[in-house]
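Chains E and V, in that order, give the protein sequences. Take 14 as the starting number for the first sequence in the numbering used here and just add one per residue. Take 14 as the starting number for the second sequence in the numbering used here and just add one per residue.
Rather than coming from a laboratory, the hints here were simulated on the basis of the structure. Note that this is a predicted model, so its numbers are computed, not measured. This list has only true hints and no planted wrong ones.
Covered stretches of chain E, as calculated for chain V (at least 3 residues, CB under 8 Å): (1) 49 to 57; (2) 60 to 71; (3) 75 to 88; (4) 95 to 103.
Glycine included, every Cβ here is placed at the ideal spot set by N, Cα and C.
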Amino acid sequence: MAWSDAFLKALKDNDVRLVAYVPDNVLTPLIAGVTSDNYFMPVCATREDEAIGLVAGAWMGGMKGIVMMQTSGFALIANALASLTVPSQIPTIMVISERGTMGEFNIGQQLVARTMRPVLDALGIAHHTLTEESTMPFIVDRSIKQAVTTQAPVAFILSPLLTGGNPAGHAKLKS
Amino acid sequence: MSQHPKIMNRADLTKRLVAKLKRDEAVVAGIGNANFDLYAAGHRPQNFYMLGSMGLACPIAMGVALAQPERGVIALEGDGSILMSLGCLSTIANVGPRNLTVVIWDNGIYQITGKQRTATGGVTDIVAVARGAGLTNSHWVQDEARFEKMFDRLLDEGGPVLLAVKIDDKPGVGQTPRDPALIRNRFMKGLGTSRGGELDA
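Assemble the whole structure, with the sequences as input and the hints as a guide.
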């Protein structure tokens, strides 16, 4: 099973239906998967903090959701996490495709990526870097359950070790 | 704006709006005066008061609307806040939740931070912006009587609808308790999604 199929299966197994995303190359198989499966309710947001608001509202309305974004998008949501989901005890589930490492060509991506884990740590948000297919389903399934039962957000970081990284990056690095 | 709407008062209109809610509609009120006046209009279990995350009233309300398509959901947002999140208007328009209504209180100023002018106090027309985003059912409200009439109609006919109201520069009249977890818990209880029911008995 491809990593993306295994990830979506873990979402289904945990009743995570609303998928609010801002597109990204690495996320493409996840986005294609949720848009071709009627189980999911995909919403393309214009900004990542909008997606955080959508999923927070859906949680309060009784529907679980996930925000899908890229590293740079995570840098837009510190205020939404700090002033909405963390103090409100809303278990926001996030998946972040990791740019800025292991073959990055864009200096901006490299710099913004360095802010991600410090922000997650500063807010006390659990985060797991997913590096291999064998352990990923267990980590995602158990961590979603933990987020929901403890009413705390969780972030899954998709390492290039799992996804192969940004396909556009390989071409740029060769030149 | 084809015809200049009357300058109205947010606290007064919020009371009129709340009086129209007969079906446990959810109301999500943006940071600052929008939620202060909602609280002052009399707490309802289906009210969500935002204490932060400026600009996210509409996305939060849309999330509630998607999760509970049978419940009417209303977002109350100020001009400064919606200007921060104009993209969400296009998301609402493209998804088109019929049970979602957006009310924009437009005083043309960041009232709470010292009355600095917003873009809508300059040349920006928020109804034109909303229509351009695809929210074709977006209107300026001309006066209080028409506000009540439009609200009656949209509660029956559905949305998404955006109503923009020109308001005065008065501050909010209440002060929401500053306890986000409590507010979230009570809101979920009001929506029937809280899991702490047995503790409330």
